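There are 2 protein chains.
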Amino acid sequence: MEIVRDIVAVRKIIGQIKKDGLKCGFVPTMGALHEGHLSLVRQAKNDCDFVAVSIFVNPAQFGPREDLTRYPRPIKRDVNLLKKEKTDLLFLPTAKTMYPPDFSTWVQETVLSRPLCGAMRPGHFKGVATVVAKLFNIVQPDIAYFGAKDFQQAQVIKRMVRDLDFPVQIKVVPTVRDTDALALSSRNAYLNAADRDNARVIPYSLDVAKRMILQNRHVRPARVIAAMKKLIQARKGSRIDYISICDADTLGPLERSSVKILVALAVFAGKTRLIDNVVVGRG
Amino acid sequence: MEIVRDIVAVRKIIGQIKKDGLKCGFVPTMGALHEGHLSLVRQAKNDCDFVAVSIFVNPAQFGPREDLTRYPRPIKRDVNLLKKEKTDLLFLPTAKTMYPPDFSTWVQETVLSRPLCGAMRPGHFKGVATVVAKLFNIVQPDIAYFGAKDFQQAQVIKRMVRDLDFPVQIKVVPTVRDTDALALSSRNAYLNAADRDNARVIPYSLDVAKRMILQNRHVRPARVIAAMKKLIQARKGSRIDYISICDADTLGPLERSSVKILVALAVFAGKTRLIDNVVVGRG
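Residue numbers (this note's numbering), protein chains in the order written: chain A, 567 to 849; chain B, 567 to 849.
These aren't lab readings, by the way, just hints derived from the structure by calculation.
Incorrect hints may appear among the rest.
Note that identical chains are pooled: a pair holds if it fits in a single copy or bridges any two copies.
Claimed, not checked - Calculated cross-link-like contacts (lysine-lysine; reagent style DSS-like; alpha-carbon spacing at most 27 Å):
hint, residue 1, residue 2
1, Lys-650, Lys-611
2, Lys-692, Lys-584
3, Lys-611, Lys-578
4, Lys-737, Lys-662
5, Lys-662, Lys-796
6, Lys-650, Lys-796
7, Lys-692, Lys-611
8, Lys-584, Lys-611
9, Lys-662, Lys-692
10, Lys-737, Lys-585
11, Lys-650, Lys-826
12, Lys-776, Lys-796
13, Lys-724, Lys-584
14, Lys-737, Lys-578
15, Lys-650, Lys-737
16, Lys-578, Lys-589
All figures in this text were calculated on a predicted structure; none of them were measured in a lab.
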């Protein structure tokens, strides 16, 4: 595995890959890798001839009161995990490389970015779209891989790719869950035993929501949300950031015509904000 | 010359060009081509193996009271001019192709876009940056060519390319002028004889400014602007939109450290808004 810190070096390697006509897969990450990330890498290895991974804790997608500085950065462990997966290239830029002092250009998706996490974390998806646009231009992958846990992020990126005509295919890979059903997240490392115990209500409440919808595909969203709220609020030490039931394609209100229903939520377990979601077909 | 209207067809042609290892030059235009555009095409032909030109009157860069609908579209004439230059590919998309109804992603440069034309035409450079990002992703050129008449546009695009790491080199080609020194512009077609006569004060005032600066490289900008104003206001039927003397690199106020001085202006000749500029080295 080549480990590269500067953009020119990546371009050189990728230039050769393109010349050789190899298919390039790309997994952008913020590091602190877990089985969720590794499932993206394995999917990329399966689809492509050459797999690049980036690790970059992107300051632009953190709010001023968020966890940028304490976000976990176990880089040696990450490198070993990626080597085991036979990753071909690890791009490991610094913040200075990605954002020179007079950086002034932003990519902003303005519709799908607005509700859900976008409403709670202003500027978050602008930071995400901008860094992903940069990474796509640097790595020039044929296929890029994103996790379904960050459902809204994947929707925003897919829209950006369509709108700005990036020559990249986006693949969304199912969420990987722990034995207690909690979705894997780098932020799970923040949880103490009590938080972790409380956090189990997140996948549980989603499962309840899914069953309510499957029983009655036209159940009122407010009824489902009320049931979820009740479950979550019963756990002291957990606090709801948002719960939303919406059209999975538009992220707008459910319509009669909606084909897939998204149930998404953000919940604080202790001080740690966790997100999760489930998509239920109406078919 | 291949004339292509849809994105998939462009990708197919460009894919083959890349496979063959050919260097691709790209000249994005809004059509109504003149010798200024053709000088870009000739430079591209000189530098590259394959030259693509786009003609697209980009609605996103016109303000609501601007000349989008009456912008000249002499497409047959343009096609013939491009054939004569041995252009390889003409991309001629529709507005629907470029902006589907639920289009929602924008590229915005936030510093160099603000003064000069950016202050007078809110949203203009957001429209420019977005369409150029799209065109770069569709055509994937090695080198893209822009005219020096639109100095601020070229600066914004260069910054966007740097910030978002587009794998494209930007070349800025000198302004082509008519025998009366008026910079060539598709909008010159709007001018009647009296407007045209008035418009000559634009390059003349720039020339006066240049000579004042060359005589005294630390002349106060306000003195130069006053001299230009006097000349322009002496022509009835001309109206100043703005005159600016600034640092050519930052587009901010002139500093002791400024290396190049930009004198830029927009003037209405009759109802037609024309822009022009000159850059004077301090060295």
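Do the hints match the structure? See the list:
In this homomeric assembly, Lys-650 and Lys-611 come within 27 Å of each other (Cα to Cα) only inside a single copy, at 12 Å, whereas the closest approach across copies is 48 Å. Proximity of Lys-692 to Lys-584 under the C-alpha cut-off of 27 Å is found in neither arrangement, the shortest distances being 29 Å within a copy and 31 Å between copies. For a Cα distance limit of 27 Å, the shortest separation of Lys-611 from Lys-578 qualifies both inside one copy, at 21 Å, and across copies, at 25 Å. Only between protomers do Lys-737 and Lys-662 lie at most 27 Å apart by alpha-carbon distance; the minimum there is 26 Å, versus 29 Å within a single protomer.
In this assembly of identical chains, Lys-662 and Lys-796 lie within 27 Å of each other by CA distance neither inside one copy nor across copies; the values are 46 Å within and 47 Å between. In this homomeric assembly, Lys-650 and Lys-796 never come within 27 Å of each other (Cα to Cα): the closest approach is 43 Å inside a single copy and 73 Å across copies. In this assembly of identical chains, the alpha carbons of Lys-692 and Lys-611 never lie at most 27 Å apart, being 29 Å within a copy and 38 Å across copies at closest. Taking the closest pair of Cα atoms, Lys-584 and Lys-611 come within 27 Å of each other both inside a single copy (17 Å) and across two copies (24 Å).
Proximity of Lys-662 and Lys-692 under a CA criterion of 27 Å is satisfied in both settings, with 18 Å inside one chain copy and 25 Å between copies. Taking the closest pair of Cα atoms, Lys-737 and Lys-585 come within 27 Å of each other both inside a single copy (24 Å) and across two copies (25 Å). When the C-alpha separation of Lys-650 and Lys-826 is checked against a cutoff of 27 Å, the pair qualifies neither within a copy, at 37 Å, nor between copies, at 53 Å. Taking the shortest Cα distances, Lys-776 and Lys-796 sit within 27 Å of each other inside one copy (16 Å), while across copies they are farther apart (73 Å).
For the identical chains of this complex, Lys-724 and Lys-584 are neighbours both inside a copy (23 Å) and across copies (25 Å), given an alpha-carbon limit of 27 Å. In this assembly of identical chains, Lys-737 and Lys-578 lie within 27 Å of each other by CA distance both inside one copy and across copies; the values are 25 Å within and 22 Å between. Taking identical chains as interchangeable, the C-alpha atoms of Lys-650 and Lys-737 lie at most 27 Å apart only when both belong to the same chain, with a minimum of 22 Å there against 44 Å between chains. With identical chains, the CA atoms of Lys-578 and Lys-589 are at most 27 Å apart both within one copy (16 Å) and between copies (16 Å).
Checked against the numbered hints given earlier, this structure breaks hints 2, 5, 6, 7, 11; the rest are met.
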